[in-house]
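J.: Residue numbers (the working numbering), protein chains in the order written: chain A, 267 to 634; chain B, 317 to 740; chain C, 7 to 103.
If you are wondering where the hints come from, they were derived from the structure by calculation, not from laboratory data. Keep in mind it's a predicted model, so treat the numbers as computed, not measured. Heads up, the beta-carbon is just placed ideally off N, CA and C, and yes, glycines get one too. Careful, some of the hints might be misleading.
What the hints assert, rightly or not - Across the chosen pairs, the derived CB separations fall in these ranges:
| id | chain 1 | residue 1 | chain 2 | residue 2 | range |
| --- | --- | --- | --- | --- | --- |
| 1 | B | 659 | A | 446 | 30 to 38 Å |
| 2 | B | 486 | C | 54 | 53 to 61 Å |
| 3 | A | 565 | B | 659 | 28 to 36 Å |
Claimed, not checked - In silico contact screen, one side only, chain B against chain A (beta carbon under 8 Å); selected entries:
| id | residue |
| --- | --- |
| 4 | 407 |
| 5 | 547 |
| 6 | 689 |
| 7 | 699 |
| 8 | 721 |
| 9 | 724 |
| 10 | 725 |
| 11 | 732 |
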Amino acid sequence: MSQDADAIVIGAGIVGAACAHALACAGLDVLVLDDRRGGATAAGMGHLVAMDDNPAELDLSRHSLTLWREWSRQMAVDCAWHPCGTLWLAANAEEMDAAREKQDRLRASGVDCALITAQTLQGLEPALRAGLHGALQVPGDAVVYAPNAARWLLASQPQRIRILETSVLALEDHRVRTAMGATLQAPAVVLANGIHATQLCPELPIRPKKGHLLITDRYPGTVHHQLVELGYVTSAHHSTGPSVAFNVQPRPTGQLLIGSSRQFDDTSSAVDADMLARMLERALSYLPGLADFNAIRSWTGLRAATPDSLPILGPHPSRPGLWLAVGHEGLGTTTAPASAQLLAAHITGCTPGIDPTPYLAQRFGALA
Amino acid sequence: MNTATMEHCDVLIIGTGPAGLAAALAAAPSGAAIVMVDDNPAPGGQIWRDGPGVKLPPGAVERRAALARHANVHILSGTRLVAVPQPQQVLLEDATHGWRLQYATCIVCTGARELLLPFPGWTLPGVTGAGGLQALIKGGLPVRGERIVVAGSGPLLLAVAATAQAAGAQVLRVAEQAPLRAVAAFAAALWRWPAKAVQGLGLLHPGYRTSSHVLSVAGQDRVESVRLRQGAHTVDIACERVACGFGLVPNTHIGQALGCALNDQHAIAVDAWQATSVPGHYAAGECTGFGGSEKALVQGAIAGHAAVGQRAQAQALWPERQRWEAFAAHLHSHFALQPQLKTLATPDTIVCRCEDVTQGQLAACQSWTEAKLHTRCGMGACQGRVCGAATQNLWGWTPPVPRMPITPTRIGTLAKPESGPVQP
Amino acid sequence: MNASPTNASPTHIAIELNGTQHTVPAGITVVAALSLWANGVTRVSVLGEPRAAFCGMGICQECRVTVNGQRRLACQTVCLPGMVVHTTTPTKPGHSA
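Isolated chain A, as found in the complex:
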């Protein structure tokens, strides 16, 4: 068959860019299609975090972090790599127990971490309110500016990666039809366009989960690590109603990036003032001094969420030649490297570095 590339990747966000990069490294000629609408990559926090909600998630995030650290040695400066680590904050004895369990799980997987006392925590982060019980420090976590990391990945293999600005109207077997009227062919077509995936594959069980973020003016030296409440795991990640959780990131500029919120079934991009107020109230309960800081911008993003919060990585069960790398919810930037490696292994028939089973689309049925 005459083909336009060895592989077509739909979506030039962080996941699509990582997939294109991995495929190119495997020797394939890759054509990336992007409609410039933008998605979660530009809206997210860029927090690279070892997440241990379940073993498969921890596997994917841990491997990805190792790859991110390798990439960090070559990435352009504007990718703003910042190895600040995460402090998971315990506000009470119960959360301190949760911290201990988290430490056990992470260490069992080879992720370096340590419990710190309330006193040590105050010394590390004096802006935090008094009375916290302590924290779990994960020094290997980091922060990256994902839009520029995606751009760096796409530019890293100029002989093998081409980018075409167009939107895709329909998928056929080993073919895509573009809005420009062209039909492009490749043995492998990778769907990596996040929340927009269901426009081409309505059968995918992906639901938008809206999040709010807010960034302050420059106040360098206020906070030094990514700060996340342990209550995050229980309150935010598993509830179905709207929820907020404390999550603050020190940007290299000295700005503070404040999250986080979750809402299903609201796909408008408008900032919801009341949701923002709840999120900020939560932030003030950990960093009271924030009250006098100026916010200069707030925005929203839509996370692509699957029913079990794991991404869909692998072959489409019923559409020949179609591969899926979607549904990363809030961990797209974190898990992009290992997602891409897994996908490339699938496509090239090589042995994957981690067990691919938990991420297969088959877990949701035939998806016909």
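Fit chains B and C to the supplied structure of chain A, relying on the hints for placement.
T.: Showing chains B and C alone in chain A's frame:
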């Protein structure tokens, strides 16, 4: 200064310049509960800006005194509108606290800001806008004995020169970018508006030059000299300040946050009643398009009458408004910006002042969104107001509709929940 | 030049600029006070350049200073007795993106 925390009102007027004051005076006799908010320390907007040693024109003094006699009008100075959390609800912030205000009708009188275009050296201390310098002097900025060059475009330049000279500065040059024939044609037609002609005569300056614009400003840590193009020549003038503004840009962010549509001049679109595209919301003055204080006054009065249902009184003012709109159109046609003003910046010239992004870095981008993502242009504290207007003028980029917070706002204010005001 | 607050006449007030007490005419803005007693510089830019008030009307944010612990615009802030003003300097010089 009235520091009451107002939670409810019938008519919210945003801006206390001529348009806002006129709107309040027109609406006040109805007895409606009126709240006016303005981010400046005192009412008056730009043209009637108050300050130590400022002698306000009689029109301003009379209107402020007249408003003070209406117990149903509350003026909240030093107060910013930062968000529109719900329909008919705004989030306000002053120096001590933030709170939500519920209203029935709204009149947007947010005025205009100067178009500030980049040129080499424009970030040096001592370079300001033209209207900007006038505002700073009214706020007490000491300029006695300083040598100043005023530049840019429009009759405002002469008013700025007059203010600076009255404050003891030496205005060496007023450099108008428009050519002589355009300025002469404007001046010749001023007989149609006698008051403006008298104003104009009073402002003539011996250092006034046409076909003249700033090329660059030089100095170590502040302004030391300015290089001007003057017709076919270039001249360097040693000075302490350069006050440069290229006309006015309507302030539409608040109107847009309220949902108001813009017209194709990028101003808030209004109909004959000064009504915007949002029911119950009116707009008046420079935010609906440039035209000076007389136009703002009559538009404000029309909006004020219309907002409280006094349509006959509103309609009676239409002929006067028509007169001043003709002046505005006349003004605009003669002071159009010359194309070479778009090419003053060099690749090293900073375009985004908040984030220090240069013209060279931006030239590689195709759109505002792309520039913001990859260069941080527009990500700073001015929220893209200065660089957005500049890149729109230079490359036709459209800045996006603003989101909350409309202006930098304390987190304590934004964290206020739906349920009413909170203690400071 | 320092003046003790008790000597300030009603037409002048005492404020603190960058740690030093000054007497300024009542009613002037913080921009005017900084021009009288400091060199008018309000902040240092991302790349380390000194900046001062520019637009004069609360838009450009070049005159951001800290007033009594809050970051405010000096061009729209009138000096009040006892006001404590600090101009904005980065704690990590030259820190960009």
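J.: Of the hints given before, which are not true for this structure?
T.: Numbers 2, 5 - these are the hints that the structure violates, sorted from lowest upward.
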